[in-house]
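Residue numbers (this note's numbering): 15 to 267.
Don't read these hints as lab results, they were simulated from the structure. Any given hint could be a false lead.
Here are the computed lysine-lysine pairs in the BS3-like style, where the Cα-Cα straight-line distance is at most 25 Å [what the hints assert, rightly or not]:
no., residue 1, residue 2
1, Lys199, Lys42
2, Lys226, Lys194
3, Lys167, Lys226
4, Lys43, Lys218
5, Lys218, Lys199
6, Lys167, Lys194
7, Lys199, Lys167
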Amino acid sequence: MGLGSSTVIWLFAIALVLQSCFFTVSAKKIYIVRMKHHQMPTSYSSQSDWYADHLQSLTSATPDSLLYTYEAAYHGFAVALDAEEAESLRQSDSVLGVYEDTLYNLHTTRTPQFLGIERELGLWAGHSPQELNQASQDVIVGVLDTGVWPESKSFEDARMPEVPSRWRGNCEVADDFDPKINCNKKLIGARFFSRGYNMASGGKELQSPRDKDGHGTHTASTAVGSNVANANPFRLRKWNCPGNGHPRPGGDL
Numbered sequence: 015m016g017l018g019s020s021t022v023i024w025l026f027a028i029a030l031v032l033q034s035c036f037f038t039v040s041a042k043k044i045y046i047v048r049m050k051h052h053q054m055p056t057s058y059s060s061q062s063d064w065y066a067d068h069l070q071s072l073t074s075a076t077p078d079s080l081l082y083t084y085e086a087a088y089h090g091f092a093v094a095l096d097a098e099e100a101e102s103l104r105q106s107d108s109v110l111g112v113y114e115d116t117l118y119n120l121h122t123t124r125t126p127q128f129l130g131i132e133r134e135l136g137l138w139a140g141h142s143p144q145e146l147n148q149a150s151q152d153v154i155v156g157v158l159d160t161g162v163w164p165e166s167k168s169f170e171d172a173r174m175p176e177v178p179s180r181w182r183g184n185c186e187v188a189d190d191f192d193p194k195i196n197c198n199k200k201l202i203g204a205r206f207f208s209r210g211y212n213m214a215s216g217g218k219e220l221q222s223p224r225d226k227d228g229h230g231t232h233t234a235s236t237a238v239g240s241n242v243a244n245a246n247p248f249r250l251r252k253w254n255c256p257g258n259g260h261p262r263p264g265g266d267l
């Protein structure tokens with residue numbers, strides 16, 4: 015009987031340890047860290063090496079903790095940390111700020127009405143044909159959303175000019191996304207950034223630029239989609255579907 019009680023106590027203790035470990039792992043969150051890049055010592059060959067060195071001083075940070083690095087709009091990185099490690103980074107003289115990443119829900123399903131662009135010409139209403147022609151030339155629009163469904167007629171490239179020479183982006187390869195087939199003179203780039211979202215949501219996001227939700231395709235086609243006649247979502251009704259941000263097929267996505 016005593017041995018049985020001892021076994022139960024040991025099992026209970028092991029269960030508590032495992033529960034504690036699980037709680038520690040689950041407490042990690044994604045943080046965006048902005049750096050004072052001009053303070054990077056010359057001994058580092060790249061900013062990525064500098065960022066990795068900062069993370070080595072943290073107790074549980076590993077190379078996999080560093081999700082993305084940023085060098086265009088600002089300098090910094092995205093990283094998985096617990097609250098104590100995030101606070102430790104905030105105290106560094108070379109860190110501008112540490113911000114917890116946040117998942118946001120959709121705010122509206124009636125985007126054109128919400129933006130006041132439900133009319134045929136959308137944002138361009140009231141402008142002359144000459145102004146429209148000038149404004150719609152050589153435009154590249156970037157959309158950060160759930161992805162894109164490239165087979166949509168909104169992204170056909172009929173009558174589109176060549177891809178602007180200043181374009182430096184690319185289309186990424188995925189199991190269900192072939193740049194040679196899915197990108198064209200209309201849809202000139204498509205990439206996916208899912209590491210942070212997968213960590214926050216439990217790994218549910220598709221590793222592809224392809225849109226499995228529909229919101230990204232809706233948003234992109236609203237902004238710069240080509241005109242589509244007899245649009246028939248869910249076979250409920252038909253209407254002509256103009257790209258509200260762009261009255262004719264001249265903008266690249």
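Hints and how they fare:
1. Lys199 <-> Lys42: Distance of about 42 Å is beyond 25 Å: violated.
2. Lys226 <-> Lys194: 20 Å, holds
3. Lys167 <-> Lys226: Holds, at roughly 17 Å.
4. Lys43 <-> Lys218: Answer holds: lysine 43 to lysine 218 is near 16 Å, not above 25 Å.
5. Lys218 <-> Lys199: At roughly 31 Å apart (the allowed maximum being 25 Å), lysine 199 and lysine 218 break the hint.
6. Lys167 <-> Lys194: 17 Å, holds
7. Lys199 <-> Lys167: At roughly 13 Å apart (the allowed maximum being 25 Å), lysine 167 and lysine 199 satisfy the hint.
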